[in-house]
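*Asks:* These are the residues of each chain, in order.
There are 2 protein chains.
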Amino acid sequence: MDDFTFRNPTKIIFGRGTEARVGEEAAAFSTKVLLHYGGGSIKRTGLYDRLMASLAAAGISVVELPGVKPNPRLSLVREGIRLCRERGLGLVLAVGGGSAIDSAKAIAAGVPYEGDVWDFYAGKAEPRAALPVGTVLTIPAAGSEASTGTVITKEDGWLKRAFNSELVYPRFSILDPELAFTLPDAQVANGVADIMSHLMERYFTNSRPVEFTDRLIEATLRTVIDAAPRVMRKRDDYDAWAELMWAGTIAHNNLLNTGREGDWGSHEIEHELSGAYDIAHGAGLATIFPAWMKLVFSHDPARFLRYAVEVWGVEQSFVDPERSAREGIARLEAFWSSLGLAIRLAGLGIGSERIEEMAAKATEGGSRKLGHFLPLGPDEVREIYRLAL
Amino acid sequence: MDDFTFRNPTKIIFGRGTEARVGEEAAAFSTKVLLHYGGGSIKRTGLYDRLMASLAAAGISVVELPGVKPNPRLSLVREGIRLCRERGLGLVLAVGGGSAIDSAKAIAAGVPYEGDVWDFYAGKAEPRAALPVGTVLTIPAAGSEASTGTVITKEDGWLKRAFNSELVYPRFSILDPELAFTLPDAQVANGVADIMSHLMERYFTNSRPVEFTDRLIEATLRTVIDAAPRVMRKRDDYDAWAELMWAGTIAHNNLLNTGREGDWGSHEIEHELSGAYDIAHGAGLATIFPAWMKLVFSHDPARFLRYAVEVWGVEQSFVDPERSAREGIARLEAFWSSLGLAIRLAGLGIGSERIEEMAAKATEGGSRKLGHFLPLGPDEVREIYRLAL
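So the sequence lines, in the order shown, correspond to chains A and B. When you line the first sequence up against the working numbering, it's residues 1 to 389, in that order. When you line the second sequence up against the working numbering, it's residues 1 to 389, in that order.
Some hints could be false.
A few chain B residues facing chain A, derived, Cβ under 7 Å [what the hints assert, rightly or not]:
| hint | residue |
| --- | --- |
| 1 | Thr-5 |
| 2 | Phe-212 |
| 3 | Ala-242 |
| 4 | Ala-247 |
| 5 | Asp-379 |
Beta-carbon label-pair distances, calculated as ranges [claimed, not checked]:
| hint | chain 1 | residue 1 | chain 2 | residue 2 | range |
| --- | --- | --- | --- | --- | --- |
| 6 | A | Val-62 | B | Arg-208 | 52 to 60 Å |
| 7 | A | Arg-208 | B | Gly-313 | 45 to 53 Å |
| 8 | B | Glu-261 | A | Arg-233 | 25 to 33 Å |
| 9 | B | Ala-129 | A | Val-62 | 28 to 36 Å |
| 10 | B | Glu-126 | A | Arg-233 | 58 to 66 Å |
| 11 | B | Arg-208 | A | Pro-229 | 15 to 23 Å |
| 12 | A | Gly-59 | B | Arg-354 | 53 to 61 Å |
Among chain A residues calculated to face chain B with C-beta under 7 Å, some are [to be verified]:
| hint | residue |
| --- | --- |
| 13 | Glu-126 |
| 14 | Gly-340 |
| 15 | Ala-342 |
Derived from the structure by calculation, the hints contain no laboratory data. The model shown is predicted, which means the values in this text are computed figures rather than measured ones. Glycine included, every Cβ here is placed at the ideal spot set by N, Cα and C.
Chain A on its own, in the form it takes in the complex:
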């Protein structure tokens, strides 16, 4: 087990109707709040009205910044920073999934920073302070509701970049599984791919031994694999959503990478894809992750064997363990396909045209290797895009 430090202070408020507590939770931080969300869905479902009522009852004045898009944009972040400064807001409250929350984190870190908030994403600076962030989660997927991460897309050059900081851990996150009942099929499936990818990025590691966290990751993956088809079939299955939503948070709250180094190459390779084609991150991961697995398989077949047996219940062949190990990848593809996910780029309408460009961008012209399990140069990254075609 690698040495580590771990601290996650996010307060989770979980259960039916918990969004009614948003005013009380927010009031612990500020009476002036930036409400940050996407489009009309929270108005259609009535969530917006319930939140506004709770905030008003707690004596909180609200400045609204809607318009967050999937692959959230730097320009809207800048607008949020301006609003917070001009109006003296003390809390950024995100309502939505990873896009709204990541955008809120960017705003929160940008407000007290004198330079350009993109500096954090470009690796030129690290945040030293941030406004508090609160969240009301509506899409189980990104895990941003209890994570240190934020991913933003800069429109100029369509660069999609991330940073991590303990300063942007949400102070509270409200998780009501009922809020997921209205999600369309594609968002559910993309979310499942994202959650599972967070777990698998952590699973494929060179750190040894990591038995405890291996078992926890396997337990979380099996939970997702059990719950996802149930919510696909019956969108208002509270019990299944509850398991899936909580698993999605734990998948990415840093507990499951304690004592181990994850890979994260697939995430970086996917970020170029969704940066270039503006597809959903989860949809991109469903094509990239199996391709990544095939490319890195021979680096550690024994780990793939454990994955196949412990996550997918593959019967282990002692005569031909490699066959059993590869079966795990096939099971993953079959599972994602069963949820309606495209597991090839063709299914997303994407061809080979921009592979060179994306591989160059991801590796910064070949000067940078991606991932830790097996660090990848531009040749390998290109090959992964090709395997995903």
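With the hints as your guide, set chain B onto chain A.
*Replies:* Quick look at chain B alone, frame taken from chain A:
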């Protein structure tokens, strides 16, 4: 899944030599620290000197309060409160296992409280403030290094009582598995019984469905079952200790009871035992928990079947599933015996003499039921003591 709130802000610093960081971590809270520990073992091992050097290097002045005993006493807590007040100390730093940490939490909650600190344990008051607590863990067992709980024994009447408060979550806990290398066999085994009991108290629940946390608890139990015999055989097996130590913390940091109600009857029944006979809590649990299981078995045989199959790998009989379910209890007894634990009170030199007295005390003269899985009155509590004989 039950609704819940969860927040655990304890910063974990895990790995070899991490005790050298105690000064830096403590300095974030105060320059005047109460160092609270047991006896000479931390001096014999050199840990005391390393801690004092780190604290001195960080400019911290130290007031010492050694003398914590297993089943820590109220009188020493009172002395700690007096010292903190008189000397204006700003951090209580516990070095040891659950006894030192629980005692430190009691001191921390007692300092700003105008009444008697025992009020918290007697259920007459709740803490509204507490000094910060830090810990350097030397005995993986109680999980107090990242929990809300503290258990103290009042010498007058030998009452052993607990309270829980988020205010006493340690602000930081230093976990160096090497510090466990010098533990004697009995302390290792008692610690394992304590850790497993924390997991099983959470496992046996009436909350439904709780698939995700079931799987996480099973994963943690299997980790302990795998690592414990290895550290018993080879006391300096760092890898096994690392798994066991981290599992022991996660077992009790409140993550694994999210969305479910645990039982905790066995803990209360054991507290009377160690209150009356001054035995180690883990040693008492090794006798009480199997007896509790036998008494409550028929309340939910299906849960015991899952426990047997998923935790112990029992082959399930579809013809006689009850046999398979009961096999789980037998495996637990065999495992604890293999670690040198007594699984009957006779092995601790304890007879039936004080059963009536303990059952009456635990149930407050029969006016109170214990546990949640199957609430137990005085008759059932007496029967559990008898089954443990």
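*Asks:* Just tell me: holds or violated, for the beta carbon distance of A:Val-62 and B:Arg-208 against 52 to 60 Å?
*Replies:* violated, 38 Å
*Asks:* Within 45 to 53 Å or not, the Cβ separation of A:Arg-208 and B:Gly-313?
*Replies:* Cβ of A:Arg-208 to Cβ of B:Gly-313: about 24 Å, so the range 45 to 53 Å is violated.
*Asks:* Does the Cβ distance between B:Ala-129 and A:Val-62 fall inside 28 to 36 Å?
*Replies:* holds, 32 Å
*Asks:* Grab the minimum C-beta distance from B:Phe-212 to chain A and call the hint holds if it beats 7 Å, violated otherwise.
*Replies:* Result: holds, 4 Å to nearest chain A Cβ.
*Asks:* Given a hint of 15 to 23 Å, does the C-beta separation of B:Arg-208 and A:Pro-229 actually sit inside it?
*Replies:* 20 Å Cβ-Cβ, so the 15 to 23 Å window holds.
*Asks:* Holds or violated: B:Thr-5 as interface residue toward chain A, Cβ cutoff 7 Å?
*Replies:* holds, 5 Å
*Asks:* Is the gap between the beta carbons of A:Gly-59 and B:Arg-354 within 53 to 61 Å?
*Replies:* 57 Å Cβ-Cβ, so the 53 to 61 Å window holds.
*Asks:* Against chain B, with CB atoms and a cut of 7 Å, does the hint on A:Gly-340 hold up?
*Replies:* Since chain B brings no Cβ nearer than about 23 Å to A:Gly-340, farther than 7 Å, the hint is violated.
*Asks:* Under 7 Å is the threshold here; is the Cβ of B:Asp-379 close enough to any Cβ of chain A for the hint to stand?
*Replies:* violated, 36 Å
*Asks:* Honestly, do B:Glu-126 and A:Arg-233 meet the 58 to 66 Å range at C-beta?
*Replies:* Since B:Glu-126 and A:Arg-233 have Cβ atoms about 45 Å apart, the given range 58 to 66 Å is violated.
*Asks:* Under 7 Å, Cβ to Cβ, is where B:Ala-242 needs to be relative to chain A, so tell me if that hint holds or is violated.
*Replies:* holds, 4 Å
*Asks:* Taking the least C-beta to C-beta distance, is B:Ala-247 closer than 7 Å to chain A?
*Replies:* holds, 5 Å
Comparing the model with each numbered hint stated earlier shows that hints 5, 6, 7, 10, 13, 14, 15 do not hold.
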